[in-house]
Amino acid sequence: MTLALGWLWRASVLGLLAFAVFGPLANLLLWAFAIQWYYPHRLPLAYGFRYWGEVFKPTSDAFASLSTSVLIATITVVVCLLLAIPAGYALGRRRLPWRGFILLTLLLPQAFPSVAIYFNIARLFYKVGLNGTIAGVVLVHAAHGLVIAVWIATAAFAAVDEELEFAARNLGASALRTALTVTLPLAAPGLMAAAIFVFLESLDEFTGTYFVGVPDVTTLPLIMFTASLAGNYQIAAVTALILLVPSIAFMLLIERFLNTEMLAKVG
Amino acid sequence: MVLGLFAYPLLYSLLSAFTTPDGAFGLDNFVKTVELYGTDVLFTIVIVATSTVLIGIFSALIGGYLVLGTQPAAVAALKWLYRWPLFIPFIVAAQCMRTFLAKNGMLNNALDMLGLVDVSNLSGLLDWRGIIVTFVWKETPFVALLVSGAMAALDRASIEAARNLGAGSLRILVEILLPQIAGVMTVALVLAFVTMLSVLSVPIMISGGSPTMITVDMAFRVNSYSDYGVANALGFISYLIAGLAAWIYVRHNVAGQAAG
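If you read the protein sequences in the order shown, they are chains A and B.
Going by my numbering, the letters in the first sequence line up with residues 1 to 267, in that order.
Going by my numbering, the letters in the second sequence line up with residues 1001 to 1260, in that order.
Isolated chain A, as found in the complex (with noise of 0.2 angstroms):
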């Protein structure tokens, strides 16, 4: 009898949690099927995939931002990682003085309210002509990417074995093979989750494009928040989806990296 309460008890708070957690993309997730929704029915009326054609469709604004969207994405990785790389190795094998005084800096942009910090930019960037650029864009979400992507790939770094190291350069190896054939692959798992995170949170980033991007740059996040606003629940909600599907990818891809171990380390 107590047996039974026990597990009602936990079915019902698991149940609610699970309709906190899930209502709100179910909801999202209606929206993005249904053609015909209005007060006071509880369901949308018609279901269909009118509204994913509007934005697949080639000419659509929300079409050309995606590819915007995974072009600045890009650029972005390959900016942070090749910074990231040098700076990772240098901090991940604990020679430079002052280490953890350099990955506390990093963090320090982290721990401050970005809006004044992304307006003041696009003020700076106004006066130089990089607001409304790829570049400028690209420049914001690489200095927000750059200290997730140091503090993983020093991890990464830190956690491959030095003494693999030392022998490769015993058999005759340069010090630059070594890095090449040994370390880097070996740090390899660790610097694929920092570029994916990199991607991810370019993808997703608002408030600097917000600023930094206009008039000429949308992103896909603009482009979801514009239609959101104007009432556009339906184009909103395929837009959000699209961002969405990647990043629950990925969550469920990190997990084996997101263990106590790792954060130990990053620590």
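A hint or two may mislead.
[Stated by the list, open to error] Only pairs whose alpha carbons sit at most 20 angstroms apart, straight line, appear in this in silico SDA-like list of lysine to any residue: (1) K1103/B - Q36/A; (2) K1079/B - K57/A; (3) K1103/B - I254/A; (4) K127/A - S1226/B; (5) K1079/B - L8/A; (6) K1079/B - A20/A; (7) K57/A - T226/A; (8) K1079/B - S247/A; (9) K1103/B - A230/A; (10) K127/A - A1007/B; (11) K1079/B - F19/A; (12) K1079/B - L17/A; (13) K127/A - L1011/B; (14) K1103/B - F19/A; (15) K1079/B - T226/A; (16) K1079/B - I254/A; (17) K1079/B - Q36/A; (18) K1103/B - K57/A; (19) K127/A - Y1225/B; (20) K1103/B - L191/A; (21) K1079/B - V21/A.
[To be verified] Residues of chain B clear of chain A, computed beta-carbon distances all greater than 10 angstroms: (22) T1020; (23) V1092; (24) A1167; (25) A1219.
Treat the hints as calculated values from the structure; they're not laboratory data.
Glycine included, every Cβ here is placed at the ideal spot set by N, Cα and C.
Got chain A sorted already, so can you dock chain B onto it with the hints?
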């Protein structure tokens, strides 16, 4: 790069905040800010602080159950369930909530179907409550992930000892687990606090009207009036609020490094 894209704009914003319209050094912007947006500053602090407290409570409960739960099936279900919003962008979370919490949203409809409320009398939760719900929904998984990780790494002997002595789960959570992970919890909550303070999309999309959060006021000041003085004064206030939180963060980080 971090220096150029962070330190320089920061300095710029500080100078701008303390410059009067005729170019002299002064507090005019702050006087105007308090006059126009004093309520919004308080509103922001209340919203972010309330959300932080709720996030702390929920993540402690989730982390505690993951460590102390006796039914493996329920623990596994919770573990699978709580992480979903972790990487969902704020703007998508805001759009989800904009429909979920609306008058005709799924929440009201579900309550109505259960016979608990009548939709036609409800107005929806798209105001300060909606902002808090969205923040808690989005940030709890992050804090809970760090907290449960820290709890799982603790020595189980003290938990078993307390349990043998007859302590209930809630008591073990509050008296044994939480004191040991207080550092991690503080750091995670501070990060969540600052993140919520800087989100622009959620307050605009959930609740457009007044009072609203200062991020919205900053964007409005810049986009509609090009009034960088007042916007930067608001920015300075947000630095102050975050600075207070960051001070706690650094203190804990230094203490942690000294101990570790």
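Now for the hints, and whether the structure bears them out:
no.	hint	result
1	K1103/B - Q36/A	holds, 17 angstroms
2	K1079/B - K57/A	violated, 39 angstroms
3	K1103/B - I254/A	violated, 36 angstroms
4	K127/A - S1226/B	holds, 14 angstroms
5	K1079/B - L8/A	holds, 19 angstroms
6	K1079/B - A20/A	holds, 15 angstroms
7	K57/A - T226/A	holds, 18 angstroms
8	K1079/B - S247/A	holds, 18 angstroms
9	K1103/B - A230/A	holds, 18 angstroms
10	K127/A - A1007/B	holds, 17 angstroms
11	K1079/B - F19/A	holds, 15 angstroms
12	K1079/B - L17/A	holds, 12 angstroms
13	K127/A - L1011/B	holds, 17 angstroms
14	K1103/B - F19/A	holds, 17 angstroms
15	K1079/B - T226/A	violated, 35 angstroms
16	K1079/B - I254/A	holds, 14 angstroms
17	K1079/B - Q36/A	violated, 37 angstroms
18	K1103/B - K57/A	violated, 32 angstroms
19	K127/A - Y1225/B	holds, 18 angstroms
20	K1103/B - L191/A	violated, 45 angstroms
21	K1079/B - V21/A	holds, 13 angstroms
22	T1020	holds, 18 angstroms
23	V1092	violated, 5 angstroms
24	A1167	holds, 18 angstroms
25	A1219	violated, 7 angstroms
Going through the hint list in order, the structure does not satisfy hints 2, 3, 15, 17, 18, 20, 23, 25.
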